[in-house]
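Asker: Sequence:
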Amino acid sequence: MIDGKDIPSGSIPSVGLAIFFPFAASLGDFWKYVRDGVEVLQELDSADVERAGVPRAVHSASGYVKNSTELEKADLFDAGFFGYSPREAQILDPQQRIFLECCWEAMENAGYTPGELAASVGVFGSAGMNTYLIHQLLCNPEVAAAVGGYQIMLANDKDFLCTRVSYKLDLRGPSMTVQTACSSSLVAVEVATRALQRGECDMAIAGGVYVSFPQRTGYRYQEGMILSPDGRCRPFDENARGTRAGAGCGIVVLKRLAEAIADGDTIHAVIRGAAVNNDGSSKIGYTAPSVDGQAEVIATALMLADADPRSLGYVETHGTGTTLGDPIEIAALTQVYRASTPDVGFCRLGALKANIGHLDAAAGIAGFIKATHVLKHRFLPPLVNFSRPNPLLGLETSPFVATAEGKDWVSDGSPRRAAVSSFGIGGTNAHIVLEEFLPTSTPVVAAPDAHLLVLSAKSPEALDQAAARLAAHLDGEPDADLGAVGWTLQTGRRAFAHRRTVIARRASEAVGKLRDPRSDEIANGSHEGAPRSVVFLFSGQGSQFAGMGAELYERFGVFRDALDECAGILNPILGRDLRELLRSDPADGRIHETRFAQPALFATE
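Counting in the working numbering, the sequence shown runs from 23 upward without gaps.
Some hints could be false.
Computed Cβ-Cβ distance ranges for the label pairs, DEER-style [claimed, not checked]: (1) A166 - A141: 29 to 35 Å; (2) D583 - I525: 34 to 40 Å; (3) A284 - V557: 23 to 29 Å; (4) A141 - F558: 29 to 35 Å; (5) K480 - P251: 47 to 53 Å; (6) P163 - A502: 40 to 46 Å; (7) D583 - D607: 46 to 52 Å; (8) A167 - Y189: 24 to 30 Å; (9) V557 - Q64: 40 to 46 Å; (10) D471 - Y189: 26 to 32 Å; (11) D471 - E94: 22 to 28 Å; (12) V557 - S31: 27 to 33 Å; (13) K95 - S362: 56 to 62 Å; (14) A502 - V80: 24 to 30 Å.
Just so you know, these hints were derived from the structure itself, not from any lab. What you are looking at is a predicted structure, and each value in this text was computed from that prediction instead of being measured. We put the CB at the ideal spot given by N, CA and C, even for glycine.
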């Protein structure tokens, strides 16, 4: 898709992303271990699981699997930033804390200031089962008695996940929790897409979160259940025997395509089509998947996307690695693709669960963000834990390829397209078709110039952290347009009390100054309360000179427009064009005559 051309009306781009995944402090960290095929898995010992409360008789029994994918710092929360007291923060489900923080981060990633938007912003999200309530709060009767049942309900019920975000970020669009088990967060993306298409909001936040407590614990393997016997997930492999649990949060910010282009937003990928359905009762049991149900939702999404299956080069699958789920998923995909093409092996399979485990309600959004990065980086990542295909899948004669080798995604000249599947226990299926965004024009990067970079935070420590993060980002983007960075920092961030400003001409210079916060070359200060008033300060006569403002006039439209307006007003009064006087030869001398000097100074200032 090129600048919105040849794209169905109503297509929805993602303009902001945020994650909180294991061992991924940033989107860049996440993409690195996806690209490199890293399995994020921690093997535990007996002491670990006993500290988590697992009795020795349980974890020492045959079949107990001692591993986990811990979400580091999941117990931490910047309560003061969001106006929570320590007690309120203590009783708030960590899933809701993480979701709230990630929503703020996603809005900033999109370049918008939460709470300062005239646009209507909707929130659509999902959360996993609240085990913090069970294993922490209800085991502490003193806390429960101190706050009361009503407050515990408000802090822990899934019903309040999204409305809490709308309240804390002052967002006025539709706000609703979406729960369909494992497919919840991808369904939330589909619901957000429809809300934007119907005009119910101007922007939408969508995503999901899942963290189970205690984290550092294992599980007892049971034959025929979905968890694997060795704690590893091997989607589509001949040794696939089940999935494993993970933890994390993912958020996407969505807008209508024409508005995103007009507003100059960063477009990560575009949703061409999205569909949701349910299997009904045409399957062997309530928890079982269905070929017919999955095939129908895939075909519907492709139809809504106006996309031929042959145009897709990547599918981020549900990919649980179970003996029942994998064959059904491939059968459904093959059924749909075979209806339009006999071609073999043109579409790569991906499965994030092999990297970080099954994220439950957040699984779909995690796959969505991965597929978005596959399109952005034009790279087909390896399938983790894959050696040889499960013969029951028939991959060798299918449109699909599973491989442990990553490679660049070379296009035939057509836009790259990818799809994402997410299927929930209970039969609610979701499928989304994505396309890369290819601007027709190359961004113009201005020549090196002095740019003002402004940072603010609620505490000196947070300000230092913000400066360090910006330095790390610019260090990895040495060719970054500092003008664009400065604009976003000034218009897409809320101003807090503790402030820092840096003036730099290029990224490397900014990095050096940001990493030396006490340098004389940067300014630190603080300001509490209302915005400061603005005054015009005019220097006295005598500071004028021929050519003053010439460089500003050439380079900055706002200065040029103002001076042009003043020249137009003054022309009949002065009897000559003020701009010619400003450009006159220094030997001319007229600029020093009072009748010209005073209006020239006023117009310039």
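Asker: If a hint holds in the structure, say so; if it doesn't, say that too.
Answerer: Evaluation of the provided hints:
no.	hint	result
1	A166 - A141: 29 to 35 Å	violated (40 Å)
2	D583 - I525: 34 to 40 Å	violated (24 Å)
3	A284 - V557: 23 to 29 Å	violated (34 Å)
4	A141 - F558: 29 to 35 Å	holds (32 Å)
5	K480 - P251: 47 to 53 Å	holds (48 Å)
6	P163 - A502: 40 to 46 Å	violated (54 Å)
7	D583 - D607: 46 to 52 Å	violated (26 Å)
8	A167 - Y189: 24 to 30 Å	holds (26 Å)
9	V557 - Q64: 40 to 46 Å	violated (59 Å)
10	D471 - Y189: 26 to 32 Å	violated (42 Å)
11	D471 - E94: 22 to 28 Å	violated (40 Å)
12	V557 - S31: 27 to 33 Å	violated (49 Å)
13	K95 - S362: 56 to 62 Å	violated (47 Å)
14	A502 - V80: 24 to 30 Å	violated (53 Å)
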